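> Protein chains in written order, with UniProt numbering: chain A, 1 to 399; chain B, 1 to 81.
Misleading hints may appear alongside valid ones.
Said to hold, decoys possible - Label pairs and their computed distance ranges (CB to CB):
1) B:Asp62 - A:Asp284: 49 to 59 Å
2) B:Val80 - A:Thr292: 24 to 34 Å
3) A:Arg375 - B:Asp31: 40 to 50 Å
4) A:Gly32 - B:Leu54: 16 to 26 Å
5) A:Thr77 - B:Arg7: 50 to 60 Å
Stated by the list, open to error - A partial selection of chain B residues facing chain A, derived with a Cβ cut-off under 7 Å:
6) Asp3
7) Asp5
8) Arg7
9) Leu9
10) Gln16
11) Met41
12) Gly51
13) Met58
14) Asp62
15) Gln65
These are computed hints drawn from the structure, not numbers from a lab.
Values in this document were obtained by computation on a predicted structure and should not be read as measured data.
Ideal Cβ placement from N, Cα and C applies to all residues, glycine included.
For reference, the chains in residue letters:
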Amino acid sequence: MSQFVMPSLGADMEDGTLVEQLVAPGDPVQRGDVIAAVETQKGAIEIEAFEDGFLDRWLVPLGAKVPVGTPLAMIRTGDPPATPDIPQPKDPAVPPPPPETPQPAEPDLPPAVPEDPPLAPEPPAPPPEKMGTSHRQRVTPAARRRAAQTGFDLSALGGDRVISLDDVPSAPTADAPKPLSAMRQAIAAAMARSKREIPHYYLSDTIDLTAAEAFIASRNADLPPDARLLIAVLFIRATARAAQSFPEFNGYFEEEHFSPSAAAHVGMAINLRGGGLVAPALLDANEGNLETLMMRLRDLVMRVRKGRFKARELAEPTITVTSLGDRGVAGITGVIFPPQVAIVGIGTPGWQPMVIDGQLVARRVANITLAADHRVSDGHRGARFLRSIIDHLQQPEAL
Amino acid sequence: MNDKDIRALMIRQLGQIAPDVPFDTVDPDADLRDEFDIDSMDFLTLITALGKELGLSMPETDYDQMRSFVGLQRYLSSHVT
Chain A
1 MSQFVMPSLG
11 ADMEDGTLVE
21 QLVAPGDPVQ
31 RGDVIAAVET
41 QKGAIEIEAF
51 EDGFLDRWLV
61 PLGAKVPVGT
71 PLAMIRTGDP
81 PATPDIPQPK
91 DPAVPPPPPE
101 TPQPAEPDLP
111 PAVPEDPPLA
121 PEPPAPPPEK
131 MGTSHRQRVT
141 PAARRRAAQT
151 GFDLSALGGD
161 RVISLDDVPS
171 APTADAPKPL
181 SAMRQAIAAA
191 MARSKREIPH
201 YYLSDTIDLT
211 AAEAFIASRN
221 ADLPPDARLL
231 IAVLFIRATA
241 RAAQSFPEFN
251 GYFEEEHFSP
261 SAAAHVGMAI
271 NLRGGGLVAP
281 ALLDANEGNL
291 ETLMMRLRDL
301 VMRVRKGRFK
311 ARELAEPTIT
321 VTSLGDRGVA
331 GITGVIFPPQ
341 VAIVGIGTPG
351 WQPMVIDGQL
361 VARRVANITL
371 AADHRVSDGH
381 RGARFLRSII
391 DHLQQPEAL
Chain B
1 MNDKDIRALM
11 IRQLGQIAPD
21 VPFDTVDPDA
31 DLRDEFDIDS
41 MDFLTLITAL
51 GKELGLSMPE
61 TDYDQMRSFV
71 GLQRYLSSHV
81 T
C-alpha cells in the first residue's frame with residue numbers, strides 16, 4: 001500500500017484544490033493514468049499515478065484545498081483487492097469539504113490595494129435620527145471613513161460606546177479594489193523570487209534563420225495544414241539538443257545546489273488570452289521526430305488554452321524557451337523560472353542585411369538571448385551554449 | 001457553399017479561437033493576426049479547421065493572400081468549388 005500525494009505543481013504553487021476523482025475505489029490504476037484533477041491558479045491540472053496498482057480509497061474529499069505533499073489517496077500495489085466490494089466505511093477522519101470560498105487570493109500575498117483606494121460614494125448621510133431613540137451613535141472620523149470605503153454597516157455595532165477604527169473590519173466588503181488575479185499572483189510570486197534569488201547574466205546574438213525557414217517551407221509544401229510544422233519546434237529541439245551538451249543550463253537549483261537533468265523537458269512560454277502566461281514543458285523534447293514533437297506542441301497549446309494540463313508538465317520543465325512569434329518585436333530577454341537556471345528568448349524573425357563571404361545579402365534573422373544563473377554557470381559557457389543552439393538551427397534536417 | 005456561408009464559417013472558427021474579440025470591432029482589411037490577436041499556432045489551427053471544412057489544402061505559399069479577413073474570404077470563395 002502506498003500513498004498517492006499531491007505532487008509539486010511548480011515553484012510558485014503550494015497547494016491545490018481536488019476537483020475530480022477520476023478513479024473509484026477498487027479500480028485498477030496504471031503508472032501514467034490520470035486519476036485526479038486539481039484546480040490551481042493556473043487552471044485545472046491532471047495528476048497521474050506513478051505506479052501500477054489498485055485505488056484503495058480516497059483520503060481527501062472533493063473540494064478540499066490541500067498543500068503539496070498531502071496524501072490524496074491510497075494505492076494498493078500488487079494483487080487486486082481480495083474482496084473488491086468491501087463496504088467503504090465512512091471515514092470519520094476525513095473532514096467535510098470546506099465551504100466553497102470563491103476567494104482565489106492566497107493569504108501570503110496581500111491583495112493589491114491602491115494607495116488611494118477609490119472612495120466609495122460618500123457615505124449616505126447618517127440616517128436621520130430615529131425619533132425617540134435614546135442616543136446618537138458616536139463614530140470617530142477615521143472609522144467612518146473606513147466604513148464608507150468598505151461598505152461596512154456601522155449600525156451593526158450598536159451605539160453604546162464610541163466606535164473607533166479598530167471596530168471597523170478593514171477587509172473590504174463591497175466595491176473592493178480588485179485583488180490581483182490568481183494567475184497574476186502566481187506569476188508575481190515566481191518572478192519576484194527569481195529576481196530576488198537568481199543572479200542572472202545575459203547574452204545575446206543573431207540567428208540566421210534562412211536554412212531553418214527553408215527547411216520548414218519545403219517540409220510543409222505538400223502537407224495538409226494539420227501536418228505542418230511551426231518553426232517553434234526547431235527552437236525547442238535545438239535548445240534540447242544544446243542542453244544535453246551543456247548540462248549546467250538544464251536542471252534545477254534547489255536547496256543551495258544544482259542538479260542537472262538527464263532529460264530535457266523544455267518549457268514553452270505560452271501566452272493566454274485574457275492575460276497571463278504559463279510555461280509548461282514538452283517532456284523529453286529530445287525524443288521522437290519533429291512531427292511527433294509538433295503534435296505534442298499542438299496538443300499542449302490546445303490544452304493550455306483550455307486551462308488543462310498535467311502536473312508533470314507544469315512542475316518539471318528543466319529549461320524554458322520564450323519565443324515572440326511572428327508578430328512581436330526584435331528581442332526578448334527572459335526572467336528565469338525558478339528552480340530552473342536558464343531561459344532562452346527568441347525575437348520575431350525579420351529581414352536584415354548580413355555580410356556573407358564578403359557579399360552584402362538580405363537574410364532572415366532573429367535575435368536570440370540567454371538569461372542564465374551565475375550560481376551555476378558563467379558567461380563563457382553561456383556563450384558556448386547559445387552558440388550551440390544557433391549551430392543546431394543551421395542544420396535543421398539533423399534535428 | 002456561397003460567400004455568405006463562407007463568411008459565417010470564418011466568423012464561427014475565429015470565434016472559437018478568439019472568443020474575446022467581438023467580430024464587429026475588427027477591421028476586415030487589416031492583418032487578421034493583429035485584429036484577432038492570434039499567433040502562428042492559432043493561425044495554423046484556423047487554417048486546419050477551414051481547410052478540413054471546405055476540403056482545401058491552403059498551402060503555406062498562399063498564406064500571403066490570407067492575411068486579412070477580406071483576403072481570406074476572397075481566397076476561400078475563389079477556391080471552393
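> For every hint, state whether the structure bears it out.
Hint-by-hint comparison with the structure:
1. B:Asp62 - A:Asp284: 49 to 59 Å: violated, 35 Å
2. B:Val80 - A:Thr292: 24 to 34 Å: holds, 32 Å
3. A:Arg375 - B:Asp31: 40 to 50 Å: holds, 43 Å
4. A:Gly32 - B:Leu54: 16 to 26 Å: With a Cβ separation near 38 Å, A:Gly32 and B:Leu54 fall outside 16 to 26 Å, so the hint is violated.
5. A:Thr77 - B:Arg7: 50 to 60 Å: holds, 58 Å
6. Asp3: At about 22 Å, which exceeds the 7 Å cut-off, the nearest Cβ of chain A leaves the hint on B:Asp3 violated.
7. Asp5: violated, 20 Å
8. Arg7: Violated - the Cβ of B:Arg7 stays beyond 7 Å from chain A, reaching only about 20 Å at its closest.
9. Leu9: Status violated, d = 15 Å.
10. Gln16: Interface hint status for B:Gln16: violated (10 Å vs cutoff 7 Å).
11. Met41: Status holds, d = 5 Å.
12. Gly51: Cβ of B:Gly51 sits 5 Å from chain A, so the hint holds.
13. Met58: holds, 6 Å
14. Asp62: Check failed: Cβ of B:Asp62 comes no nearer than 11 Å to chain A, outside 7 Å.
15. Gln65: violated, 15 Å
Checked against the numbered hints given earlier, the structure breaks hints 1, 4, 6, 7, 8, 9, 10, 14, 15 and satisfies all the rest.
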